[in-house]
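If you want the building blocks of each chain, they are given just below.
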Amino acid sequence: MLLIPCPYCGARAENEFGYGGEAHKVRPETPENLSDGQWADYVFMQKNTKGTYHERWVHSQGCRRWFNVIRDTLTNEIQAVYEMGETPPEVDTKTYL
Amino acid sequence: MKSRYSIFSLARNALSYHEKWPQAWRSPEPKKSYDAVIVGGGGHGLVTAYYLAKEHGLTNIAVIEKGWLGGGNTGRNTTIVRSNYMWDESAALYEHSLKLWEKMSKELNYNVMFSQRGVLNLAHTLNEVRITKRRINANRLNGIDSEWIEPEQVKEWIPLIDLRAKGRYPVFGGSLQRRGGTARHDAVAWGYARAADALGVDIIQQCAVEGFDIEDGEVKGVRTSKGTIQTKKVGIVVAGHAGVIANMAGFKLPINSRPLQALVSEPVKPCVHCVVMSGAVHAYISQSDKGELVIGAGADSYNGYSQWGSNPVTEDTLAAICELYPMFRRMRMMRQWGGVVDISPDASPIMGLSPVKGMYLNCGWGTGGFKATPGSGHIFADTMAHDRPHPIAEPFALDRFKTGFLVDEHAAAGVAH
Amino acid sequence: MAQRYRLSKGGRIDRDRLIDFTYDGRKLQGYQGDTLASALIANGRHLVGRSFKYHRPRGFLAAGAEEPNALMQIGTGARTVADVKATQVELYQGLTASPVNAWPSVKYDLGAVNQAFSKLFPSGFYYKTFMWPHSAWHFYERVIRSAAGLGKAPDKPDPDFYDKRYAHADVLVAGAGPAGLAAALAAGRSGARVILVDEQPETGGSLLASRDEIDGKPGTSWAEQAVAELRAMDNVRILTRTIAFGYYDHNWIALLESLTDHLAEKPDDVPRQRFWKVRAKQVVLATGAIERPLVFRDNDRPGIMLANAAQSYVNRWAVKPGETAVLFANNDGAYQAALDMKAAGIQIAAAVDLRQDPSGPRTEAARAAGIDILAGHAITETQGGHRVNRIKVAPMSEDGKQLAGSGQTLECDLVAMSGGWNPTVHLHSQSRGKLRFDSDIASFVPDFAVQAERSAGACNGTFGLAAVLAEGETAGRAAAEAAGFSPAAANGHYKAASDGFTPARWLWLTPSTKPVGHGGKHFVDFQNDVTAADLHLALREGYTSVEHVKRYTTTGMGTDQGKTSNVNALGIVSEYRELPIEELGVTTFRPPYTPVTFGAWGGRDVEEFFDPTRKTPMHSWHERAGAAFEDVGLWKRPWYYPKAGETMHDAVQRESKAARESLGVLDATTLGRIDIQGPDSGEFLNRIYTNGWKTLKPGFCRYGLMLGEDGMVRDDGVTACLGENHYLMHTTTGGAADVLAHLEEYLQTEWPELQVYLTTVTEQYATAAIAGPNARKLLAELTGDIDVSPEAFPFMTFREGHVAGVWARVSRISFSGELSFEINVEAHNGLHMWQTIIAAGEKYAITPYGTETMHVLRAEKGFIIVGQETDGTVTPMDLGMEKLCSTKKEFVGRRSLTRPDMLDPNRKQLVGLLPDNPKDILEEGAQLVETVRPEPPMAMVGHVSSSYMSPTLGRAFALALIKGGQHKHGQKVYAPMTGDKTIACTITSPVFFDPEGERLRG
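In order, the protein sequences belong to chains C, D and G. FYI, in this note's numbering the residues of the first sequence are 10 to 106. FYI, in this note's numbering the residues of the second sequence are 32 to 448. FYI, in this note's numbering the residues of the third sequence are 59 to 1060.
Bound-form chain C, shown alone (with noise of 0.2 Å):
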């Protein structure tokens, strides 16, 4: 069972959150001046990291806000987390074969 520190509620039990996938995944502006393949890759494409993991997470049962976490997705460790549209701290990258 995760903690996971909300940045606006403290820390909470995994459970009390919703997962939002891969951060820093921009939305086009104007996705249709996108090609196929490239929509695809937004919409589709992950970098599904094994290691420090920039993801987000929603606060569902709390504030439901959206933040970011950085976790380390083989032992869990959170690295960090920061507020939408703030740029992400800097923290020791892990990554594992």
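These aren't lab readings, by the way, just hints derived from the structure by calculation. Where hints are given, some of them may not hold.
As the list claims (entries may be wrong) - When the alpha-carbon atoms are kept at most 16 Å apart in a straight line, the in silico EDC-like pairs for lysine to aspartate or glutamate are as follows: (1) D:Lys-321 to G:Glu-199; (2) C:Lys-34 to G:Glu-803; (3) G:Lys-694 to G:Glu-666; (4) G:Lys-450 to G:Glu-469; (5) G:Lys-210 to D:Asp-320; (6) G:Lys-966 to D:Asp-439; (7) G:Lys-165 to G:Asp-82; (8) G:Lys-673 to G:Glu-688; (9) D:Lys-283 to C:Asp-50; (10) D:Lys-300 to G:Glu-199; (11) D:Lys-433 to G:Glu-767.
Following the hints, complete the assembly by docking chains D and G onto the known chain C.
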């Protein structure tokens, strides 16, 4: 085959205190180059190697495995085998596989304990009834055994079930595939490993992939913890880690890796005689030949590579079991574990060519890869050998995410796979 | 004679409280404080189980959680529990128990015939046979299955209930033995919130079974004092009968507290078990160690047990596990067991010691006490049918690999063995802490922690009471400090014995007169009948990884999860492969430490609490009206209202007719409602919905279609413009929560620049939809301040005023195709509104209708239901709604609609179907073909999504999705059903009724 297994060979070997049994497979060091390298020594990878050698005349093949063979999802799943998928494309794939299951023990001379005890999918809401019937009708017209059964028949198949479930999720009936069932998961890996080894395939364990040599968009070799191996054909068959391997090769996949949990109870005398799956209540149960209740839980809601799952998932799963089978509340969980599954956007696999020439993809099986093991490997071997997708694999190309031709199994089964 | 093997004094039992219990059909007695195991031993019962595969007679190996043999079926009927270790069952009045896996009895067990064929049953034999004839596996499997399994699952619903509780701790201490108590004292004194848990009914751990002293008094007295001090602290919670079984992410530890299993009368207001979810800042693991058996020939006979178990039975429960004992050991510590047994009057025939030159304080004490020590000797054979009665011992060669010289025979009824100790590192390992192999004790110990935990005492590889206490104290202080407290300096040291269990000699496999596998069985895993020869076989066959060995032989996979077997198996594998153990690695320690009841994991989340049930304010009226209900999402919705003698079909025909011919009323409360405000609301709707919203004026409503980014329809509904920059969005009943989340996500993550505020208001309203030619007349009667004339109140507008005397917002929208008004009032006025409508509508024979009739009416109009006509693979164009997709603006999902597959003219498209025989109601979910073949396979072109009998049309009709269907109107398709029935149909437009919409606009 080096030494046939039978009751007679068992009796003969008993006389020599079982000291004369040959190795099931060798433990070779990697050669400098191979005609084809399969990355991933799980069920799908071993079957691929087996058929490449058996049906496509390739003899110089290696399977490389980071850990021990069959140690990934092959050895961590709840072993359900069925082919009653709704879409034509999926049905063709899983039925192809089911037919190979039916002759697997004989083909391999290794008893994989494929038990066609029947798979029951329950319907608890009017909408589930509608979707289930849609699937059954599609199965029937595709020539796949599948039938609707009424609540009384459900009770005959699984007498312990609470049909009314205190009114919250009553059982309106369900679909039954009599040819579906379970198998002994480890034996599948071991049986194919033994058979592939007998055909000359080098199975190299404890050998991790560290990168690829790619020139002008073509694969030339695989860099491993045991040195570089030259090859022009690489099959990527690494459930759970497809994204990691794709990153090494320089492309992205539409896949999220998530832990999927399972658990078993202490062994008890036979009381669940078929596989019972319930999508609305999220309860999946069968009983192993040893007597353990084998329970499949859901995948985590967030990405992860840990081989354990999130606790709320365990709680929900067991609450569901307690709801549908109130007598099992007194059963006890003996062991829980997780495997890392590749979840694709349409809950269908990705098979075929990759953006790198000579590199082939077989991933995205999500929670349902075990049942596809023989079919997937068979089709994938053909795809690798001929450098074009096998006809059954065509709809499952990576390209579909560009064209929009998804095979969306969410439409048919919710989370149940 | 009752309790013949009960010692006359001592033990932590209450001799004044005699307890009757039934074992294997026999009435026996024990005392309060006994376990089932100790009570059985008091009665001389040692044959308590049959092994899994060979059905060999088995007795108690252990006295605690590690017991592999003595598995019991406890209780009968609905309260029965399978596979319970007799060593973990507290005795209570009326307890019934019987051994599992034996028939007809544990003494005369038919399964024992397997022993005769055991040579045919090496590890993995089933992979090599049962393959002929090919089709026969089903038969073999049935035989195998009924032979396997241990106890029996209950077949009646569990009458008990279970509870869950959250807790937070600064320091959680797992285990209340000497290390745990010392840790809890140190942490508790600092003021930290401490939770101390122990699986036993009383605290003290290993002290309960030993005669060791602390600070000059018996260890048990010290423990009692320590607990008394802890109990006096407000910041300390002590949970006994509570096992810390799982160590999960972020210092979340799961505990299972057992509350009623030990009681003779089960109270009905107390949960049977409580599942504690503890989030701890710091954890101290003080989980002790488990003694290791020795692997020698036929080491499984009843009467052969761990030395510590024998010692525990004598000291803690005052029972004699035998009259004449042999100690078989490889270490010094085990001699204390011999001394304790001797003190209790058990004759010690000899101590057989694998060490060439036995030494150490306890060895010396034994020697001084006159115990005969056979140094460098091994037990080479054991005899005895249902109980060991004789053993053979012989001297070994110096390297311990073989025998050197002839031996002797010893008569005994008890062999107390000790192969050393394995620290209980399960929780540390579950927390992902790393392990290292400690060659001093030949076992695995914690290397470093990954989470905020530390191990203390025996589970950390520290033996010797003084060191254990000191380490517990240090760990408790350090944990408190790390949690932010300042523990005072320790006041002196605990005084206790300082010796551990070494010196010892590590021989993984004890030699006998024959090579391993050639005679007798050297058991490693007792429960699963795995022998040293089995391990060798696996390795010879190429199953060399420890995981392969485990899975091929099943060692460590029983209900004891290898607590006594895993390290021995590794040792044997290491020796055979000639690789150091540390290079083999260990198999992963999976939770739970001991089996955990499913019911406790489920807690109260069953029956009425499995999922919430949502009811509208009018629910009670529907119930009184005899409605049948349908579950839609979490809501209970009236499905139809059968009158006496009516079938569902009759009711739906009557309701449909009433709505078309006069007046019907539907409870439409369950639709999701989202209030949308803010200066950018219109722009937001424009981006979210496929159609345009900027022209919608206050007072007007508009239907909207919402897509996912993949272009597929995910929700629909009517949104009203309540005022400038103020909208009320309606969602589908089941989609409300998802749609709100979808909107919030886009607002917060993609378009934070938009000023829009969302509020879910689903529960604020109750809604009645009145539909039918008389709807306007009725509404006119119910309102004084809303002009209901067609000119003043046109289609797709709403008005606010009063209906039935209460504030109401009335929308003139229609999902039935009739003249229809949806009357929304504040939720608390819902029932009043409904009853007023029903009363006033009597003159029009107003007819309440349910979801089924709603479906018939809307399907006649070709209106879709998201989730029925759509399944996540349907685009607006597939539904013929391309006009709803604005070409002038961007919206979510738009780009996906121009991908090649979306433009394929052969996609499945929404059509109507008319069966040739107007009485044939197609099955919803029926598949459609253009060409019928005598048998499958047949190429399918689509499926039926909705199908009904329409009283208005006077025939059956359906909606379907058919490949290229929009261009196939007039063509035939066929639905081949089971039983050779084929229903021929004609493809039509999906709109069957009032295609011009005159009625709903009228």
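Outcome of the hint check:
| no. | hint | in the structure |
| --- | --- | --- |
| 1 | D:Lys-321 to G:Glu-199 | holds, 10 Å |
| 2 | C:Lys-34 to G:Glu-803 | holds, 13 Å |
| 3 | G:Lys-694 to G:Glu-666 | holds, 13 Å |
| 4 | G:Lys-450 to G:Glu-469 | holds, 9 Å |
| 5 | G:Lys-210 to D:Asp-320 | holds, 14 Å |
| 6 | G:Lys-966 to D:Asp-439 | holds, 14 Å |
| 7 | G:Lys-165 to G:Asp-82 | holds, 10 Å |
| 8 | G:Lys-673 to G:Glu-688 | holds, 11 Å |
| 9 | D:Lys-283 to C:Asp-50 | holds, 8 Å |
| 10 | D:Lys-300 to G:Glu-199 | holds, 13 Å |
| 11 | D:Lys-433 to G:Glu-767 | holds, 13 Å |
Violated hints for the displayed structure: none, as all numbered hints are satisfied.
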